[in-house]
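Protein chains: 2
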Amino acid sequence: MHPDQPNASPLPEVIVIGGGFGGLTAAKALGNQPVNVTLIDRTNHYLFQPLLYQVATAGLSPGDIAQPIRHILRHTQNIRVIMATVERIEAKSVFTTVGQFPFDYLILAAGARHSYFGHDQWEAYAPGLKNLEDALELRRRILGAFERAEATSDPELQRIELTFAVIGAGPTGVEMAGAISELAKRTLVSDFRVIKSAAAHVILLDAATRVLPTFPEDLSRSAERQLKQMEVDVRVGAKVLEVTAEGVQLEGEFIKTRTVVWAAGNAANPLGRDLHTPTDQQGRIIVNPDLTVKGHAHIYAIGDMVSFSYQTGKPLAGIAPVAMQMGTCAAQNILLNIEAKPPSRFKYRDKGYMATIGRNRAVADLKIIRFGGFLAWLSWLFIHLLFLVGLRYKVQVFLQWVWAYFTFSRGARLVYGQFRPVKPPETDSFGKTDSV
Amino acid sequence: MHPDQPNASPLPEVIVIGGGFGGLTAAKALGNQPVNVTLIDRTNHYLFQPLLYQVATAGLSPGDIAQPIRHILRHTQNIRVIMATVERIEAKSVFTTVGQFPFDYLILAAGARHSYFGHDQWEAYAPGLKNLEDALELRRRILGAFERAEATSDPELQRIELTFAVIGAGPTGVEMAGAISELAKRTLVSDFRVIKSAAAHVILLDAATRVLPTFPEDLSRSAERQLKQMEVDVRVGAKVLEVTAEGVQLEGEFIKTRTVVWAAGNAANPLGRDLHTPTDQQGRIIVNPDLTVKGHAHIYAIGDMVSFSYQTGKPLAGIAPVAMQMGTCAAQNILLNIEAKPPSRFKYRDKGYMATIGRNRAVADLKIIRFGGFLAWLSWLFIHLLFLVGLRYKVQVFLQWVWAYFTFSRGARLVYGQFRPVKPPETDSFGKTDSV
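Chains as they are written, first to last, in the numbering used here: chain A, 1386 to 1821; chain B, 1386 to 1821.
With the rest of the complex left out, here is chain A (with noise of 0.2 Å):
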């Protein structure tokens, strides 16, 4: 509470939906301000998202990576947290699954889920990676499908198990492919008996021309080297038709396999529906320059749930720094509205884009130098670990680093949670299908 604030004028209501990168700077930005803030999240944690495909490949564990979102802010008195489901946006009301929450001032900072192009059926078969139950989901088939194949005689299904595709060569399809590889080509290499880890079989699919198609042409290329070096099926210009349980469909070949990763599409949270305001083709709001949504002077976008094209004629990357940013400036726009004052445009500050390829492989594109290699994969360590909210977190996740670095041996090897192991055909005698 602000101590110039009479009590009789009850302070400005904030709700921020979504606790990621964007809305938990939002929020940050209006702490000890004098508002209000309820910040309310489907999950009771903020989760550092660029890490999570290690979570996927057994390389960090989920508490590695995530933090509980009141232990964030709790030091700051004006924010209240709500673990809740939004269910809809009404009037000046946010209707949750634990009851209604009225504002003054709404950030929606939601993200987005991966889109399947009109095909949802595929997600069964090929799932995405955006949460801590995605990225446990898939360590689940990843390292299930080394366990069926040791546990069969049969090398036709130890080949199709031991076959892996990514879809989508954008930074998680190359992360995720070059993981994989890395997983089977050498921490996995002296854990079976029956098969060779070794043998895995990792294709990364793209329809387009080259891989990390944002990059710059030369980062692509150092990209599609090193992931070469890795022993990973670069395939770009490969359309892919269907995903089923057996295996991916593309123009003239099928892959036999069990195990797909979906890294190919983004589409917006459908929260912004309520608001009947435009959309581009990725559902994302198209906002003012100030943030607004267009048709609600209080309420503000921020994040991968909107198209911003103003600064250079193409939308903004649905990265972290565009999310945080956008957080600072939603916050100070609120408290200038407050003020009765006029709105600043938001303007993004590039600082370059990373991705990393494995063990000491990575591209980076900081703006005044471009490289690939260890160095570029020091650097993304580096930068990294300084956005990861907590000292313990940093060093917990450096010293991890450290550990599978020197030893290629992964801890967080851990399958919990649904998974069965499935009987392969041959043997099935009780009707069951043998896919996961």
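Honestly, I wouldn't trust all of these hints.
Same chains, same names: a pair is fine if it fits in one copy or spans any two.
[Stated by the list, open to error] Restricting the straight-line Cα-Cα distance to at most 25 Å, the calculated cross-link-like pairs of lysine to any residue (SDA-like) are:
(1) Lys1581 with Val1483
(2) Lys1570 with Ile1457
(3) Lys1736 with Ser1694
(4) Lys1641 with His1661
(5) Lys1641 with Ala1702
(6) Lys1581 with Leu1760
(7) Lys1413 with Ser1582
(8) Lys1581 with Gly1637
(9) Lys1477 with Met1615
(10) Lys1641 with Gln1667
(11) Lys1624 with Gly1484
(12) Lys1679 with Arg1755
(13) Lys1570 with His1499
Derived by calculation from the structure, the hints in this document are not laboratory data.
No experiment lies behind these values; they were computed from the predicted model shown.
Following the hints, put chain B in place on chain A, whose structure we already have.
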């Protein structure tokens, strides 16, 4: 493979069912011996069960107390690990979800689950604590209770959500009650705005006349005193008549709560049933003095599946040291049998008992000396660290504890998986029930 074995006579096949304390010890004792070993487990990890309550109360992450069985046995070439669920044992074969495995010798080490004494319907409202999934489910419920309390403004509902009942005051119940109390009264105190987490009411129930009924009486008194210092409401001589979604029915009192932990009873894995051999009330196999199953000269049973009372007239407790010593004995008796030598009788060397009650509180009965308080806690910490497999795990858990000890902050406070915050009844407009 043993170099002395002629290729003409194949090595005896030994199957071990279960990769817990007993099974893993048995498998290791057969490592690099003239036998082929197949270790079958439902999960892919060895679990350090004594610390499971720390995962349930958000003190440790799953990765801190578990590691892949394959990884532990990676340098032992004569041991194969299979991740599968055993369906039945017939003739000289084990039938699993991934196929059939013939054996010459079998070691049953499949452990126990909790037992509800014929009230299986209570499990939905009062889950127990045996594996990582159980622990994460309890964590979801415990942290979820605080979240629901924070999201409502009804003081009666808050009181119900902040009431926690632990049924059973053996070591697990005492540890859980202590850890929940510590979580509420220390770790979470600055996290909430509406509720005071320290107002939580933790009730420990047991029908027996004292806590830790299998420990000496003076240690029970010490444990009860320490629990009361931590504001745990200890109720001995309290018989549970019914557990529902609304709470726990005692004689003459109904405790309204939505979070109940079951730590009251065990039942052996029912695999022994296929063998038509005598069992006790808890379904434990009454083995011969050499740990063979009566009527099956080549089948051994060890650990929590077993009732062994030749030594003291009472069955040995279901604790890790018993299981591990049995594992070694069964493995040695198999090797003796192969050499046509007589088996040795199992003899348990009792090193004592310990139970921890919370941060720097514990009781210990080390036979030569019995003590409670901080020194007991330090001993507990030291001995448990010593038994964790692998240096990395020891260092990691030790650092996590040192951190928690000085900061009272719990890094593992994540909720993921099936948790959904429920609508409080008064705002529920969708006809859903309000139980989790």
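Against the structure, the hints:
no. : hint                 : in the structure
1   : Lys1581 with Val1483 : between (51 Å within a copy, 19 Å between copies)
2   : Lys1570 with Ile1457 : between (38 Å within a copy, 19 Å between copies)
3   : Lys1736 with Ser1694 : within (17 Å within a copy, 71 Å between copies)
4   : Lys1641 with His1661 : neither (44 Å within a copy, 45 Å between copies)
5   : Lys1641 with Ala1702 : neither (33 Å within a copy, 50 Å between copies)
6   : Lys1581 with Leu1760 : neither (32 Å within a copy, 49 Å between copies)
7   : Lys1413 with Ser1582 : between (46 Å within a copy, 23 Å between copies)
8   : Lys1581 with Gly1637 : neither (29 Å within a copy, 64 Å between copies)
9   : Lys1477 with Met1615 : neither (53 Å within a copy, 45 Å between copies)
10  : Lys1641 with Gln1667 : neither (30 Å within a copy, 48 Å between copies)
11  : Lys1624 with Gly1484 : neither (45 Å within a copy, 37 Å between copies)
12  : Lys1679 with Arg1755 : neither (38 Å within a copy, 72 Å between copies)
13  : Lys1570 with His1499 : neither (29 Å within a copy, 40 Å between copies)
Hints 4, 5, 6, 8, 9, 10, 11, 12, 13, counting from the list given before, are not met by this structure.
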